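> Next come the chains, spelled out residue by residue.
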Amino acid sequence: MSSSEGGWLIVVTFLLALLMQAIPMPYDLLWARPQWLCIVVIYWAMATPQRVGVGVAWLMGLILDGINGSLLGQHAIAMAVVAYIALVLYQRIRMFVVWQQAFIIFILIGVEQLLSLWIQSLHSGSSPSLLFLLPALISALLWPALVVLLRGLRRRYGDVKHI
Amino acid sequence: MDEFASVSLTVATPFYWLTDLPTRMGDWGEDVVISRQSLLKENGSLRAEQRVLRAKLQKMASLATENVRLRELLNSTARLKDNVLVAEIIGISPDPLSQHVIVNKGTGAGVYVGQPVIDAYGLFGQVIDVSPISCRVLLITDSSHAVPIQVNRNGVRAVAEGVGLLHEMELPHVAATTDIQESDILVSSGLGARFPVGYPVATVVSVVRDPGKPFMKVKVMPKAHLNRSRHVLLVFKTEAQAFAEEVVGDELK
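From first to last, the protein sequence lines stand for chains A and B. Going by the working numbering, the first sequence opens with residue 135, and the numbers climb by one from there. Going by the working numbering, the second sequence opens with residue 1004, and the numbers climb by one from there.
Rather than coming from a laboratory, the hints here were simulated on the basis of the structure. Warning: the hint list may mix true and false statements.
Said to hold, decoys possible - Quick list of simulated restraints, FRET-style, between CB atoms:
{"hint": "1", "chain 1": "B", "residue 1": "1184", "chain 2": "A", "residue 2": "218", "range": "29 to 37 Å"}
{"hint": "2", "chain 1": "B", "residue 1": "1166", "chain 2": "A", "residue 2": "231", "range": "54 to 62 Å"}
{"hint": "3", "chain 1": "A", "residue 1": "207", "chain 2": "B", "residue 2": "1234", "range": "45 to 53 Å"}
{"hint": "4", "chain 1": "A", "residue 1": "223", "chain 2": "B", "residue 2": "1201", "range": "22 to 30 Å"}
{"hint": "5", "chain 1": "B", "residue 1": "1024", "chain 2": "A", "residue 2": "234", "range": "36 to 44 Å"}
{"hint": "6", "chain 1": "B", "residue 1": "1029", "chain 2": "A", "residue 2": "234", "range": "36 to 44 Å"}
{"hint": "7", "chain 1": "B", "residue 1": "1220", "chain 2": "A", "residue 2": "289", "range": "32 to 40 Å"}
{"hint": "8", "chain 1": "A", "residue 1": "258", "chain 2": "B", "residue 2": "1230", "range": "14 to 22 Å"}
{"hint": "9", "chain 1": "B", "residue 1": "1239", "chain 2": "A", "residue 2": "223", "range": "34 to 42 Å"}
{"hint": "10", "chain 1": "A", "residue 1": "218", "chain 2": "B", "residue 2": "1158", "range": "37 to 45 Å"}
{"hint": "11", "chain 1": "A", "residue 1": "166", "chain 2": "B", "residue 2": "1043", "range": "37 to 45 Å"}
{"hint": "12", "chain 1": "B", "residue 1": "1068", "chain 2": "A", "residue 2": "166", "range": "33 to 41 Å"}
{"hint": "13", "chain 1": "A", "residue 1": "289", "chain 2": "B", "residue 2": "1029", "range": "32 to 40 Å"}
Claimed, not checked - Chain A stretches covered by chain B per the calculated footprint, using a threshold of three residues with CB under 8 Å from any CB of chain B:
{"hint": "14", "region": "149 to 159"}
{"hint": "15", "region": "164 to 172"}
{"hint": "16", "region": "196 to 203"}
Bear in mind that the values here come from a model prediction, so they are computed numbers and not experimental data. Note that the Cβ used here is the ideal one computed from N, Cα and C, for glycine as well.
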């Protein structure tokens, strides 16, 4: 498989995920935003671990920090850690049925939220409550639909040799 | 580091611009397919509002000249008019823990870091990052923001701190004997030389005196429509203010 094959699909999904991260939400629903970028990074790290790994996750986190205006490196380090866990576990996670995968996603995104919150609380106000787990829960609920969508896209436009 | 912030804001601007596109198209559609009837109605109400504002302005003009005269009597510097630039909000912070908005004017329009921003109802925030085409405005309610204020009724000074909630701010370290009441209006005091004097900041919502504590708990609500405004005004420094900053700067050295 050539390294450029299907690569544009990964870039497009990353750009779309970054766009979804920046879409305005009602003030009361701000905590309910799924971590789109993190889900997409985890998906690609599991589906094509030879392409998307810790480095790409770190870069994406850095871009997210630039867009969010958050402390530089805050999301970058959290996403790199999550990508590392996903890379270690991907062979196992691929074997799971979809609701088990969703549970793993809940934990991974919970870890991402926790790490970036820790870093944020070093320089500004602390977290108000356990609300930071809400994005993880909603991301996990969205996982079955997203995995079908992303897998469909990959089979149609990307390479077909991998699961 | 400032340069990096500027570059990352430049990269971020197209994303915010794109996410704002549906809203703008909706607004455009509303403008285009509006009925003649409702246009006439809107026109009528705008006319009525303009008449009322004009009447108020007449009074204001005489008060302003009176103010200048009195200040001359006191040998103090006259207040100058503030120059403003109208800008549009194109994005809001996706992060629930930090409150800022992205505005569509940047260094190209002369915007600078630290510039005060107001909306039609009160003080809005200040510019923290600026790129050639956009700037990031920190809201006064952000948990890292504080504004020096004055009670409009009696001139008592305090500081209004954001707590990270959109409809609430606090006045920390207000002595229990201070004369602050519910529904007092707080205006910017101009101390600190960052915000211009006299813009409404907040209204006092509740004052709780606990005899066991040295300070009162004062909750206030920001005047600006922080989550409803679409247009904001960037306030440019006037000569009087620049002078004040110079004096303060010298004293700090």
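> Does each hint fit the structure? Answer for all of them.
Cross-check of the supplied hints:
no.	hint	result
1	B:1184 - A:218: 29 to 37 Å	violated, 57 Å
2	B:1166 - A:231: 54 to 62 Å	violated, 44 Å
3	A:207 - B:1234: 45 to 53 Å	violated, 34 Å
4	A:223 - B:1201: 22 to 30 Å	violated, 60 Å
5	B:1024 - A:234: 36 to 44 Å	holds, 38 Å
6	B:1029 - A:234: 36 to 44 Å	holds, 41 Å
7	B:1220 - A:289: 32 to 40 Å	violated, 60 Å
8	A:258 - B:1230: 14 to 22 Å	holds, 20 Å
9	B:1239 - A:223: 34 to 42 Å	violated, 55 Å
10	A:218 - B:1158: 37 to 45 Å	violated, 58 Å
11	A:166 - B:1043: 37 to 45 Å	holds, 41 Å
12	B:1068 - A:166: 33 to 41 Å	violated, 54 Å
13	A:289 - B:1029: 32 to 40 Å	holds, 36 Å
14	149 to 159	holds (count 7)
15	164 to 172	holds (count 3)
16	196 to 203	holds (count 6)
The earlier numbered hints that this structure contradicts are 1, 2, 3, 4, 7, 9, 10 and 12.
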